Amino acid sequence: MSAQLVQFLLTGLTVGAIYALVALGFAIIYNASHVINFAQGEFVMIGGMAAAAFVEAGLPLPLAALLAVGGATLVGLALEKLAVEPARGAPVVTLIIITIGASILLRGLASLIWDKKIHALPAFSGETPLKLGGATLLPQTLWVLGATVVTVALLWWFFNRTLTGKAILAVSHNRLAAQLMGISVRRVLLVSFGLSAALGALAGVLITPISFTSWDVGVMLGLKGFAAAILGGMGSGPGAIIGGLALGLIESLGAGYLSSAYKDVFAFVIILAALIFLPDGLAGRRRATERV
Amino acid sequence: MASPAAAAPPSASRRGIVALAIAVALLPLALPNNYTYEIAILVGLNAIVCVGLNLLIGYAGQISLGHAGFFGLGAYGTAILATRYGWPTPASLGAAIAGVALLAWAIGRPILRLRGHALAMATLGMGIIVAVVIATEDRYTGGPDGMSVPPLGIAGYVLAGERHWYWVVGVLLVATVWLAQNLIDSPRGRAWRALHGSEVAASAIGIDPARHKLSAFVLSAALAAAAGALTAHYSGFITPAKASFLHSIELVTMVVFGGMASSLGAVLGAAVLTTLPQLLTVFKEYEMVLLGAVLMLTMIFMPQGLVPTLGRALAAARRKPR
Amino acid sequence: MLLRAENLAKRFGGVRAVQDVSFALAPGMVHAIIGPNGAGKTTLLNMLTGIYLPSEGRVFLEERELTGQQPHRFAAAGIGRTFQNLQIFFNMSALENVMAGRWLHERGSFAAAALRLPQLRRAERHCRAEALSLLDLVGLTRWADAASDAMPYGALKRLEIARALAAGPKLLLLDEPAAGLNPTETHEIDRLIRELAARGITIVLVEHNMKLVMGVSGHVIVLDEGRLLAEGEPREVSADPRVIEAYLGEEAP
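Protein chains in written order, with numbering that gives the first Met the number 0: chain E, 0 to 291; chain F, 0 to 321; chain X, 0 to 252.
I should point out that these hints are in silico values taken from the structure, not numbers from a laboratory. Be aware that one or more of the hints could be misleading.
[Claimed, not checked] Which chain E residues face chain F? A few, computed with CB under 8 angstroms, are given here:
# : residue
1 : P90
2 : T93
3 : G100
4 : I103
5 : L111
6 : M233
7 : I270
8 : L274
Only a predicted model underlies this, so the values are computations on that prediction, with no experimental measurement involved. The beta carbon of each residue, even a glycine, is placed where N, CA and C say it ideally should be.
Excised from the complex, chain E in its bound form (with noise of 0.2 angstroms):
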């Protein structure tokens, strides 16, 4: 294996991995509410651009990470509460605008309370590169893919293991049984919110070493995070995953081999196949999804 391919593997790897966690978010809140939160992203942008600031501040690289993501979390929980939850009878829709409208109002708030200039954050053991097989490797890939991986063990478990977690997975079969069961609805959607913008915040801090971040980073990575979730099947988590890392080999190959020009558009087009050629859902000819 050439030096190259195995560089383009390893970015396309880590940038996917990052879409994973995005996708996740994601698919989670879809799950609970069949909302698409177009503020997806903006959590992602939260969690690079926060950490920053506490680190500017002078506030060590871990505690400032825990603070971001803990913020994020909180915006998370606050648009469930003030936005969503108020809504909730509209169609899904006028859902769709509330939540871009989040979106729209956290990038304005983050060019207020921070600035529009491009951040950064220490790399988090240093940055040195490691030599693999020819390819040079940034340590930070290594704490990205090797953060990914400890986050989805841990939903795993959260989501087979644990009462709430069985509780959001009984909401996304069956919401009507699920509240017969006794399940409080609101307060999956409110977990779930909470727990989808903290992955994108980790996503976020995970991140920005390499790629660094800025007021509206978040938009283009909400959309291929978008992207990856419809690729893998919307809603499902492990579906999520292997879109988000499908998207990131494919656009760092496409951007390699190909174009790097047209690198932003390698993933819609993919996409786009995809749904053309695989539609999602389609049992046989006919979908026997309704029952009629």
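Assemble the complex: chain E is given as a structure, and chains F and X must be docked to it using the hints.
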């Protein structure tokens, strides 16, 4: 011979079109300077896109998060044909609209088989691809900095000046709303609404979902392209931002804000959400915060959109004993 | 024969919902398809209207094969239906629901609609009049301009019938039209079915209500676990020991 009971009641929508025409005719009396005319023109152009988009979203029940792509293609189509190939501008305008309609037809057929968020993603992806291609192929498009566009004109006469443009856009807007409402009050409009209500039941009465979704898609794309091309000639300049995802979201928001399944709602949504940012520039740095807050609050307290909520409030007020 | 089903089968993964079902329906009669829950009645109905693609078998209307076509083509060929779970257009009034049903006969041209030409206005008046007379036929005249989401369940069942009739079908499939109705409303449905049959519309009734089925139909098909169990006149079928064992031993709901 139709019995008296079969005569259609005077439609609120017909009165709405007349009201709109009157408003367009009288508005100049309230516009003090060129800047306000410019805003009015931009409102009109956005409203044309929104009326079309409303047919797709509010009536046919589909979604498009990439309509700014059609807008941008209309704008760049006419700009490139007129500037780089020397076409007379009425021809470049017509060709751009026709070209976009054809593209929408071609890409609509596979895409509209999708539903819900998959359709949203597909239209979103399409829009982004268009925006990136426009920004990257700078030999044709001038890249991220945009390109200049010659004014609209034929045989020596050039359409220029805020006042002339105002009347052109005003007439086109009223015509668009009239056409859209005619379609809505026809069997085709009921076919769209049937699709929105229950696709399986619609097919059980002989309505071909694919064909009707496509017709709404192509029509709304053509209107977006027309508005885009006109915007290009009016401004004399066009940038890739006009094809961006953010612009697509703005357009959908105008439609939902105004109240779907109401052409006048779409016009009102365009009016409010085009003017508001202009007013908010006064607050400069707070513009985005305020815009986001306004969007959220309006949708939380008026989830059906502005026009249906106002309509219900008016109806309730009328029922109260005086 | 108006409709012919030949060896129809439908599999969903490992589940065989319908197996080897063949029958023919004569025009001008009321036919019934009965069977316990899970017998495959609605699956069969969905195959007869193009919503499901049969795993095996073919469907013919007036000897023209319809198998494999899209649902709207089945409708255009002359098959209409109502739905077990109401599929009313809740975004429209009752009248508009029925007017929508007239799509196959009132299409008109795009230009005439967009420009609101006189021929369109005439067509709209005609469409409205036809729709009102259909609402009258099913007894819903007072609900004409009501929002459909304000109407009671029993009225909505009849509205679906009116909408299906608006398309002028040769064959009308009614999927549990009496489900959830009280005896008075059921009697209304009974009366309506007889009225429609008298007008020459061939009707297929999928029902659980045995009294309704036996009273109004001339030909009964019994399904059990996806297979055709018995077929014939109501008297024959209700006396068939296999049918009694499989189904009629249960009390009608």
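These are the hints, each one checked on the structure:
1. A distance limit of 8 angstroms between C-beta atoms decides the matter here; for P90 (chain E) the minimum to chain F is near 7 angstroms, and the interface restraint holds.
2. For the restraint placing T93 (chain E) at the interface with chain F, the shortest Cβ-Cβ distance is roughly 5 angstroms, inside the 8 angstroms limit, so the hint holds.
3. A hinted interface residue such as G100 (chain E) counts as satisfied when its beta carbon comes closer than 8 angstroms to some beta carbon of chain F; here the least separation is about 3 angstroms, so the hint holds.
4. For I103 (chain E), the suggested interface contact is upheld, since its CB lies about 4 angstroms from the closest CB of chain F, less than 8 angstroms.
5. A cut of 8 angstroms between beta carbons decides the hint on L111 (chain E): the least distance to chain F is about 6 angstroms, and the hint holds.
6. Taken as an interface hint, M233 (chain E) checks out: its beta carbon lies about 6 angstroms from the nearest beta carbon of chain F, inside 8 angstroms.
7. Given hint, I270 (chain E) at the interface with chain F, holds; its Cβ is 5 angstroms from that chain's nearest Cβ, closer than 8 angstroms.
8. Given the 8 angstroms rule on beta carbons, the hint for L274 (chain E) holds: about 5 angstroms separates it from the nearest Cβ of chain F.
In summary, the structure agrees with every hint in the numbered list given earlier.
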